[in-house]
Amino acid sequence: MAGQLIGLLLLGLVAAHAIGLSVVLTNGETIHSISRDQMVEHAAVAWRLGSLPEAQARRALEAARDGNAAYALGPGAEITEGSEQGYDQDAISAKLQKLLALPPDAIRISLLRHDARNADLRIALRTPAGLWINTLQQPVMSQAWMRPLRFSVPVSTLPVLVIVFLFVRRILRPIKALAHAAERVSRGEQVEPLPVTGPAEAREVTTAFNLMQERLRRFVEDRTRMLGAISHDLRTPITSLRLRAELVDDPRLKAAMIRTLEEMRVMVEETLRFARDDARSEDTREIDLRALLREVVEEQLAQGRDVQLRSDAAGALPYRCRPVNLKRALSNLVDNAVRYGQRARLALSTGAGGALQILVDDDGPGIAADKLQEVFKPFVRLDPSRSRSRSRGQDQGNGNVGLGLAIARSCVEAHGGRLALENRDGQERPAGLRAVICLPA
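Residue numbers for the sequence shown follow the working numbering, so the first one is 1 and each next one is one higher.
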């Protein structure tokens with residue numbers, strides 16, 4: 001926006017200079033004004049010398065000759081035929097008429113230009129004795145197109161540009177602050193209300209942004225309270241049903257009822273946890289991303305799982321994020337890889353512009369291509385029987401009720417990133433599933 005405004009202003013200034021230049025060139029001024037005045041003075045002095053007795057006048061005019069001017073006394077006017085007529089000749093004639101009180105027919109002027117810098121100016125003046133003083137001078141030619149530019153550029157353009165620069169900064173300051181705040185919001189950060197400053201349009205946009213922030217905050221809080229209330233209300237009937245199930249005599253029916261009630265309890269708890277985590281405000285801070293990945297791997301290894309980490313470089317990798325939130329996304333992906341693919345291999349790499357990519361590979365059967373997006377939906381389990389069998393003897397986690405990938409994607413997108421799944425190519429069947437996390441710089 002700033003570049004467009006300054007470019008438009010420069011275009012207007014160039015147009016104004018072009019118009020002024022055309023006006024200057026149209027009037028036909030070609031001799032520098034100072035040189036023109038000198039030519040008039042020299043011609044006037046020669047005319048006064050020509051008023052002396054003829055012999056004395058000739059000697060005086062000969063003595064006045066130099067490399068740039070010659071003077072002669074003769075019976076007629078020596079004027080070059082085909083010479084230019086224009087502003088300079090009229091200006092010189094007017095000055096001589098005023099200075100010497102000569103009539104217009106007593107003055108003859110011709111200007112013959114050789115090139116842009118050199119010209120011959122001939123002035124013939126009639127003396128009271130009826131003779132003519134003929135002068136030949138080399139004036140300093142004026143570069144007319146340069147003079148208006150030398151004046152207008154420093155005097156008008158530079159101050160105007162400074163004023164416009166300061167004005168544009170004032171306009172863009174709240175807009176830049178708004179853009180920065182919007183970028184932070186896209187990463188899931190909590191942003192304080194922005195100060196309402198700047199021009200009217202910027203104040204309106206800032207006010208709307210602050211109002212949007214407040215409405216989003218209230219929406220998330222209301223949703224969390226609603227889900228919390230629903231979860232609390234469901235616990236009582238689930239507990240009551242669990243007590244009644246314990247009184248069932250048939251062992252098989254009793255086990256099936258208890259298993260179903262346990263799944264319901266886990267789903268309720270994980271739904272509430274999902275909503276609370278989505279609404280939780282965690283401060284953004286700079287961490288070592290490689291250290292965070294190593295921490296995830298070490299926790300998995302402590303549980304006896306086969307998890308490996310590969311990085312494209314050693315040393316710290318500073319990254320601004322909400323570490324607890326991002327760690328949960330990574331843990332969910334690793335849990336999913338180990339549960340269905342026996343082991344997980346993590347890889348961290350940096351791309352163009354500082355963008356980061358994290359890969360989580362497993363050796364499982366993969367997922368059908370038309371189901372790769374569906375698994376991100378909450379409570380979606382492509383193989384419920386497998387999920388239930390896997391959950392026996394294990395802690396009930398969000399991956400067992402179909403929330404693991406949904407939470408992982410929510411966490412990644414809250415950082416302005418992207419999470420996608422793809423099948424790794426194998427010779428006869430998919431060689432496993434790959435989760436690709438792309439995080440902005």
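Since the hints were derived computationally from the structure, they do not count as laboratory data. Backbone N, C-alpha and C define an ideal beta-carbon position, used for all residues, glycine too. Treat the hints with care, since some could be wrong.
Label-pair distances were calculated between CB atoms; the ranges are [what the hints assert, rightly or not]: (1) Leu372 <-> Glu201: 28 to 34 Å; (2) Lys254 <-> Ala347: 27 to 33 Å; (3) Ser349 <-> Val162: 42 to 48 Å; (4) Pro440 <-> Val162: 32 to 38 Å; (5) Glu201 <-> Gln373: 37 to 43 Å; (6) Ser349 <-> Ala256: 45 to 51 Å; (7) Tyr87 <-> Glu201: 49 to 55 Å; (8) Glu413 <-> Phe379: 33 to 39 Å; (9) Glu246 <-> Ala316: 18 to 24 Å; (10) Thr284 <-> Gly304: 29 to 35 Å; (11) Met226 <-> Thr350: 38 to 44 Å.
Discussion item. Within 27 to 33 Å: is that where the Cβ-Cβ distance between lysine 254 and alanine 347 falls?
Written reply: Check failed, 47 Å falls outside 27 to 33 Å.
Discussion item. Verify the CB-CB distance for serine 349 and alanine 256 against the hinted window 45 to 51 Å.
Written reply: holds, 48 Å
Worksheet entry | Beta-carbon spacing of threonine 284 to glycine 304 - inside the hinted bounds 29 to 35 Å or not | holds, 34 Å
Practice prompt. For the range 49 to 55 Å, tell me whether the beta carbons of tyrosine 87 and glutamate 201 fit it or not.
Written response: At roughly 50 Å between Cβ atoms, glutamate 201 and tyrosine 87 fall inside 49 to 55 Å, so the hint holds.
Item to complete: Indicate whether the distance between the beta carbons of methionine 226 and threonine 350 respects the range 38 to 44 Å.
Response: At 41 Å between Cβs, range holds.
Practice prompt. Could you check the hint for me, namely that glutamate 413 and phenylalanine 379 are 33 to 39 Å apart, CB to CB?
Written response: violated, 19 Å
Item to complete: For the range 18 to 24 Å, tell me whether the beta carbons of glutamate 246 and alanine 316 fit it or not.
Response: violated, 54 Å
Worksheet item: Taking the CB of proline 440 and the CB of valine 162, does the distance hold inside 32 to 38 Å?
Response: Given a distance of about 36 Å, which is inside 32 to 38 Å, the answer is holds.
Item to complete: For the range 28 to 34 Å, tell me whether the beta carbons of leucine 372 and glutamate 201 fit it or not.
Response: violated, 44 Å
Worksheet entry | Range agreement (Cβ of glutamine 373 with Cβ of glutamate 201, hint 37 to 43 Å) | holds, 40 Å
Worksheet item: Falls inside 42 to 48 Å, the C-beta gap from serine 349 to valine 162?
Response: holds, 47 Å
In the structure shown, a violation is registered for the earlier hints numbered 1, 2, 8, 9, in ascending order.
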